[in-house]
Amino acid sequence: MMRSEKEDAELITRYLETRDPALQEQIILRYVPLVHFVLGRLGFSQSGAMDYEDAIGQGIIGLIEALNRYDPSFGTVFSTYATLRVRGHILDYLRSLDWLSRSARQRARAVQGATTHLWIKLNRNPTDEELASYLNMDISQLQQALVDSSRVMISLDNMSESEEAEETSLHEVLADEGQPNPSILFEEKELQGRLVDGLKKLSEREQLLLSLYYYEELTLKEIGAVLGVSESRVSQLHARAMMNLEATLISPDLAGAQLDTDGYT
Numbered sequence: 001m002m003r004s005e006k007e008d009a010e011l012i013t014r015y016l017e018t019r020d021p022a023l024q025e026q027i028i029l030r031y032v033p034l035v036h037f038v039l040g041r042l043g044f045s046q047s048g049a050m051d052y053e054d055a056i057g058q059g060i061i062g063l064i065e066a067l068n069r070y071d072p073s074f075g076t077v078f079s080t081y082a083t084l085r086v087r088g089h090i091l092d093y094l095r096s097l098d099w100l101s102r103s104a105r106q107r108a109r110a111v112q113g114a115t116t117h118l119w120i121k122l123n124r125n126p127t128d129e130e131l132a133s134y135l136n137m138d139i140s141q142l143q144q145a146l147v148d149s150s151r152v153m154i155s156l157d158n159m160s161e162s163e164e165a166e167e168t169s170l171h172e173v174l175a176d177e178g179q180p181n182p183s184i185l186f187e188e189k190e191l192q193g194r195l196v197d198g199l200k201k202l203s204e205r206e207q208l209l210l211s212l213y214y215y216e217e218l219t220l221k222e223i224g225a226v227l228g229v230s231e232s233r234v235s236q237l238h239a240r241a242m243m244n245l246e247a248t249l250i251s252p253d254l255a256g257a258q259l260d261t262d263g264y265t
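Numbering (the working numbering), first residue to last: 1 to 265.
Keep in mind the hints are simulated off the structure, nothing from the lab.
Accuracy of the hints is not assured; some may be wrong.
What the hints assert, rightly or not - Here are the simulated distance ranges between beta carbons:
#	residue 1	residue 2	range
1	Lys221	Arg194	44 to 50 angstroms
2	Leu11	Leu227	17 to 23 angstroms
3	Glu129	Arg69	47 to 53 angstroms
4	Glu129	Asp8	47 to 53 angstroms
5	Glu5	Leu199	27 to 33 angstroms
6	Val196	Glu217	18 to 24 angstroms
7	Glu217	Gly113	29 to 35 angstroms
8	Leu227	Thr18	31 to 37 angstroms
9	Lys221	Gln192	42 to 48 angstroms
Quick reminder that beta carbons are idealized off the backbone N, C-alpha and C, glycines included.
Could you build the full structure based on these sequences and the hints that come with them?
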């Protein structure tokens, strides 16, 4: 018998009123698939048994925290709130392990910098070959740097990262904690407009990939099946798409730029 959202909501409400450990366990078991979903979207594969099991454990901790901190009065569906919490807890855990080496992070930033520079210079999306040449890398090194970039979590959820400031999710920056703030609403509308303009400058393939990932919420593996490429290649393509999008947002010179082709396969 399939459960309904109404049943879940009633169960969660009962738990928040009673804090009954048995109810907590029941709810967590119901939402374990959500943790697997988040891991799939972060590019984790169950074939990496040890890493996957560790990440599952951290995701469940995030799920428990989400349940205990959830406030239905804000009008947010629990699954949406829990997804953000689970994702954030997993990423915090990975950062605490220094998941990516300093040199790998530097390479990821170098690729982003090169992408932005070449966008301005060429007025279009640079090809893999052009990026590799600019960075004095071969194609295999560039592809590894793109994989590393995806591990830095280049994401619409994290477009405000800087060297000096702590990483901040757009969900946190634009969160509505109750009474709407006019300045925040204005900034949100402006940002949405810039994102739309930036997305229009991407190739059709990149637009499709981002749509499948952020709108259809497919995992990297599922997107690979749609595009006919491997999961690791989807990770690289996602990193490139996000770098190109960020380049269009950073570079006012690109205001009228239009992309002709993908620039890569």
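Comparing the hints with the structure gives:
Distance hint check for Lys221 and Arg194: the Cβ-Cβ separation is about 31 angstroms, which falls outside the suggested range of 44 to 50 angstroms. Between Leu11 and Leu227 the Cβ separation comes to about 38 angstroms, which falls outside the hinted range of 17 to 23 angstroms. The given range of 47 to 53 angstroms is respected by Glu129 and Arg69, whose C-beta atoms sit roughly 48 angstroms from each other. One distance hint, 47 to 53 angstroms for the beta-carbon pair Glu129 and Asp8, holds here, with the actual separation near 50 angstroms.
Look at Glu5 against Leu199: about 30 angstroms separates their beta carbons, and that is inside 27 to 33 angstroms. For Val196 paired with Glu217, a C-beta distance near 19 angstroms keeps the hint of 18 to 24 angstroms intact. Checked against the hint of 29 to 35 angstroms, the C-beta distance between Glu217 and Gly113 comes to roughly 30 angstroms, which is consistent with it. About 47 angstroms separates the C-beta atoms of Leu227 and Thr18, a value inconsistent with the hinted range of 31 to 37 angstroms.
Distance hint for Lys221 and Gln192: a CB-CB separation of about 29 angstroms, inconsistent with the stated range 42 to 48 angstroms.
Figure legend: structure checked against the earlier numbered hints; hints not met, in rising order: 1, 2, 8, 9.
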